[in-house]
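Protein chains: 2
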Amino acid sequence: MTFRHPERDQISVEGVLSALSNPTRLAAVGILDGGGELNCGEVLKILGVSAKSTMTHHWRVLRDSGVIWQRPSGREYLLTLRREDLDARYPGLLDIVLAGARTDAG
Amino acid sequence: MTFRHPERDQISVEGVLSALSNPTRLAAVGILDGGGELNCGEVLKILGVSAKSTMTHHWRVLRDSGVIWQRPSGREYLLTLRREDLDARYPGLLDIVLAGARTDAG
Numbered sequence: 189m190t191f192r193h194p195e196r197d198q199i200s201v202e203g204v205l206s207a208l209s210n211p212t213r214l215a216a217v218g219i220l221d222g223g224g225e226l227n228c229g230e231v232l233k234i235l236g237v238s239a240k241s242t243m244t245h246h247w248r249v250l251r252d253s254g255v256i257w258q259r260p261s262g263r264e265y266l267l268t269l270r271r272e273d274l275d276a277r278y279p280g281l282l283d284i285v286l287a288g289a290r291t292d293a294g
Numbered sequence: 189m190t191f192r193h194p195e196r197d198q199i200s201v202e203g204v205l206s207a208l209s210n211p212t213r214l215a216a217v218g219i220l221d222g223g224g225e226l227n228c229g230e231v232l233k234i235l236g237v238s239a240k241s242t243m244t245h246h247w248r249v250l251r252d253s254g255v256i257w258q259r260p261s262g263r264e265y266l267l268t269l270r271r272e273d274l275d276a277r278y279p280g281l282l283d284i285v286l287a288g289a290r291t292d293a294g
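If you read the protein sequences in the order shown, they are chains P and A.
The numbering used here puts the first sequence at residues 189 to 294.
The numbering used here puts the second sequence at residues 189 to 294.
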């Protein structure tokens, strides 16, 4: 299954904020910010999340808002943060939000 | 009626992002960013919103997340953006989000 993703100019700030306004999704984005592609299972493991179906919903929200790329690879799905697109469209937003999550964590 | 507001250190980035992820609330914050106190009716007028009850919900979300102060004054309510608190806790976030809304508007 190949997913549809919005083009860079179809991304909206409301959509990105909504996607990042959930602690689990925000934590997943923080993990993907390490760079490169990770498969869903790896991210779940780092997050300590066992409910795969909940994450299916979270990946969809992140994908539909333009925050991540998700592509099939064999029986798994690979995830990449769309940092270049997000930085181009909303310079600084991602870094500030990730820093904010660290502020909250104390 | 006096409202409860979170203290600065009770504000969470998820709560702020969620509050700002709605176009009407984001537009209201853009109006309040002009500075000072405005009453709800003035903001509604600038927004071109006639449904007062919908805005009652929006003010609550903005208030509970720590984005605005809301205080009664006679028969009206006065609103102020909590810019100092937001800038202290998440430096740059508000400006980048408001700039993002302008980017989206093209």
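One or more of the hints may lead you astray.
Said to hold, decoys possible - Partial pick of chain P residues on the chain A-facing surface, computed with a CB cut under 7 Å:
{"#": "1", "residue": "Q198"}
{"#": "2", "residue": "E202"}
{"#": "3", "residue": "S209"}
{"#": "4", "residue": "P211"}
{"#": "5", "residue": "T212"}
{"#": "6", "residue": "E230"}
{"#": "7", "residue": "L232"}
{"#": "8", "residue": "L235"}
{"#": "9", "residue": "A293"}
{"#": "10", "residue": "G294"}
No lab work stands behind these hints, which were simulated from the structure alone.
Cβ coordinates follow ideal geometry from the N, Cα and C atoms, glycine included.
Here is how each hint holds up against the structure:
1. Q198: violated (10 Å)
2. E202: At about 5 Å, which falls below the 7 Å cut-off, the nearest Cβ of chain A leaves the hint on E202 (chain P) intact, so it holds.
3. S209: holds (4 Å)
4. P211: holds (6 Å)
5. T212: Result: violated, 10 Å to nearest chain A Cβ.
6. E230: It is violated, given that the least Cβ distance between E230 (chain P) and chain A is near 23 Å, above 7 Å.
7. L232: Since chain A brings no Cβ nearer than about 20 Å to L232 (chain P), farther than 7 Å, the hint is violated.
8. L235: Nearest chain A Cβ about 15 Å off; hint violated.
9. A293: violated (10 Å)
10. G294: Violated: closest Cβ of chain A sits about 9 Å from G294 (chain P), beyond 7 Å.
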